[in-house]
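Listed below, chain by chain, are the residues.
There are 2 protein chains.
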Amino acid sequence: MEIINFGKGYPANVLLPHTLMQKACESHLQEEKKLFLHYGHKQGEEKFRELLASFLQQNYKTAIEKEDLLITCGASQGLDLICQHFTKPGDTIFIEEPSYFLVFKIFTDRGLNLVPINTGKNGLDLAELESKLKAHNPVFFYTIPTFQNPGGTTLQEEQRQKLVALSEKHDFLIVADEVYHLLDYSMRSPFPFCHYSKRVLSLGSFSKILAPGLRLGWIHCCSTLLNKMLEDSVLGSGGGFNRFISGQVYSFIKLGFQQQHLKLLIGSYRLRSGALYYFLTTILPDVICSPPEGGYFLWVELPKGINAQQLLERAKKHGVTFHPGYKFSTQKKLNNFIRLSFSFYDCDILEEGIRRLAKCF
Amino acid sequence: MEIINFGKGYPANVLLPHTLMQKACESHLQEEKKLFLHYGHKQGEEKFRELLASFLQQNYKTAIEKEDLLITCGASQGLDLICQHFTKPGDTIFIEEPSYFLVFKIFTDRGLNLVPINTGKNGLDLAELESKLKAHNPVFFYTIPTFQNPGGTTLQEEQRQKLVALSEKHDFLIVADEVYHLLDYSMRSPFPFCHYSKRVLSLGSFSKILAPGLRLGWIHCCSTLLNKMLEDSVLGSGGGFNRFISGQVYSFIKLGFQQQHLKLLIGSYRLRSGALYYFLTTILPDVICSPPEGGYFLWVELPKGINAQQLLERAKKHGVTFHPGYKFSTQKKLNNFIRLSFSFYDCDILEEGIRRLAKCF
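These protein sequence lines are chains A and B, in that order. Per numbering that gives the first Met the number 0, the very first residue in the first sequence carries number 0; after that it's consecutive. Per numbering that gives the first Met the number 0, the very first residue in the second sequence carries number 0; after that it's consecutive.
Treat the hints as calculated values from the structure; they're not laboratory data. The structure presented is a predicted model; accordingly, all values stated were derived computationally and were not measured. Please note that the accuracy of each hint is not assured.
Pairs involving identical chains hold if they fit within one copy or between any two copies, as the list cannot separate such chains.
Capping the alpha-carbon separation at 30 Å, the derived lysine-lysine pairs in DSS-like fashion look like this [stated by the list, open to error]:
{"#": "1", "residue 1": "K358", "residue 2": "K262"}
{"#": "2", "residue 1": "K332", "residue 2": "K41"}
{"#": "3", "residue 1": "K168", "residue 2": "K227"}
{"#": "4", "residue 1": "K253", "residue 2": "K358"}
{"#": "5", "residue 1": "K65", "residue 2": "K120"}
{"#": "6", "residue 1": "K87", "residue 2": "K331"}
{"#": "7", "residue 1": "K41", "residue 2": "K315"}
{"#": "8", "residue 1": "K46", "residue 2": "K22"}
Based on the provided sequences and hints, a complete structural model is requested.
Listed below in structure tokens is the structure:
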């Protein structure tokens, strides 16, 4: 019995576009007389940023300028770069509670103090955020505003505007991790965060829409913020972060493959997310969970008296695992929640996983 | 009159292997059923590390194990990673004087104090290093031990062993930037530094032997040191640093192209370095300079009374530039030196550059 791991926040193997990427690489090799072999432009190649801006503009439905994009080695490296250039050890940042567990160490390794802001079913608690601004002076607020990881919630337009007003009044930045923004199954999400303010650094990535192995992403922000990061010492010595791959992904976008693949992903993940939600709520009617609107995850509140860590121990014996809620809490709370990812498995395996889980209740 | 820029520490455009890289990519696309699209192994793909170890072993003439290699996004990112995991702000490190100017900011951005150790014509001043150990407690000594940038000198076997003995006695690490080690035109260089001690972190890169745009390099060290870096938070979230490209470079090595290209580079650079040395010492006999044995650079001592910065101002008017010595000094000294790179231009342009320079004396 192979273990079904609901913890995997990965694209499914069958949804990695090997054939399209092969075609894009072949086309790139034939069309481009010169590959991107030399030291590159620090910000990323202009030609690539131009095409990326146009792809994003088409999908974001708001103007995106190539001047406002900095090419990175993925969202995690981009986030670390932001910490490097906008914080110093001892600084405080605000972070959603719950949030993506693997960023905690990126922040604490930079010596930052994390202040959690509750983000429940109704989204970010702006009143709590405002009240905590009396005692703290955060450099930035790190948010996953659309299809939050793990919560699945989306910060609505009005809340975004209130948050921007607070950031102006209290002089903090907004770091918006928007890697799931394009995986929109409900087509009702607000604009990406840069649409609302110049105080935003938005993290984007090809990991969720093309392939994680590329380690290719971008930061979208105004030139004042961007220029600060161009002073980076590693960038100064090594040139652009990921030049050669950006040439191949240039062809992938240019040939229309990125748009086509995004459509496939949205269709597939919509199906999977709906299936997991259906199996969960019919097989385990006592759990509480909202219908998924995008991204990778369901955030599931357990019935009273069931502890996620204890459930996990029982689940392992039945061949199924997941991430318990405390992992997503800076304070190791939220142990009445579990996160289930629907990105990695086909619907029949998702069903089998929930049936196994049901045996542990 | 196009400016001749002796400052360019780049491979020549004609020495970037576009055709071989195209062939390698094509072969990779045909042979590999699955591209490296998924999240990767944190240390770098085993298959790639195995082949890289075997390539290095063949050229280093000493045993290299795949377990001792960590794949990076180039030497600069590798160096920053070492700072991240082995130092904290306020720590002291020792550095050669002169040294590669673009690393200074990597160190100071990490809050490190730099203590210079004189490295003149006769190589590293080990007596000075030992005496400075009385007042300082460095975390590591950063050295470019072979074909030093900018000095061109190579730390000899006996000095390496003395340095290792000091590092053991005084408990500091040796960070050996060995990106030029394989560009050996005299075939007399000692082994790479890891051969002599387990206290060494060696930085390697494909930037000088294949192409800078790949942003692909490695750190070679023992598993105790390596495991510390595997705890990296960006690596934890994003997987291996440069997975997709390592697949294409795998094919480049496997097809024998890397060995073949290295041979071409050594032949070409040997010719260029000899030519620049010849033109310099015949056209400008009053300067002092040692015959180049490897790497990219000549380090030229100016005749008494000539200041490098003033010379540069005059040189610009004659269509030639270079890096003046103070840039390579943590204390902005050494302004009676200039660094000339021979990697970027053909011999006839190197000659023209020196003729232009001679007009400024």
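Here's how the hints hold up against the structure:
With identical chains, the CA atoms of K358 and K262 are never at most 30 Å apart, being 36 Å at best within one copy and 64 Å at best between copies. Proximity of K332 to K41 under the C-alpha cut-off of 30 Å is restricted to the inter-copy arrangement: shortest distance 29 Å between copies versus 41 Å within a copy. With identical chains, the CA atoms of K168 and K227 are at most 30 Å apart within one copy only, with a shortest distance of 22 Å there and 42 Å across copies. Taking CA atoms no more than 30 Å apart as the test, K253 paired with K358 passes in neither setting, with 49 Å inside one copy and 50 Å between copies.
In this assembly of identical chains, K65 and K120 lie within 30 Å of each other by CA distance neither inside one copy nor across copies; the values are 36 Å within and 48 Å between. Within a single copy, K87 and K331 get their C-alpha atoms as close as 25 Å, and across copies as close as 27 Å, so both meet the 30 Å cut-off. In this assembly of identical chains, K41 and K315 lie within 30 Å of each other by CA distance solely across copies; the values are 25 Å between and 47 Å within a copy. Taking identical chains as interchangeable, the C-alpha atoms of K46 and K22 lie at most 30 Å apart whether they share a chain (20 Å) or sit on different chains (24 Å).
Of the numbered hints stated above, those contradicted by the structure are hints 1, 4 and 5, listed in ascending order.
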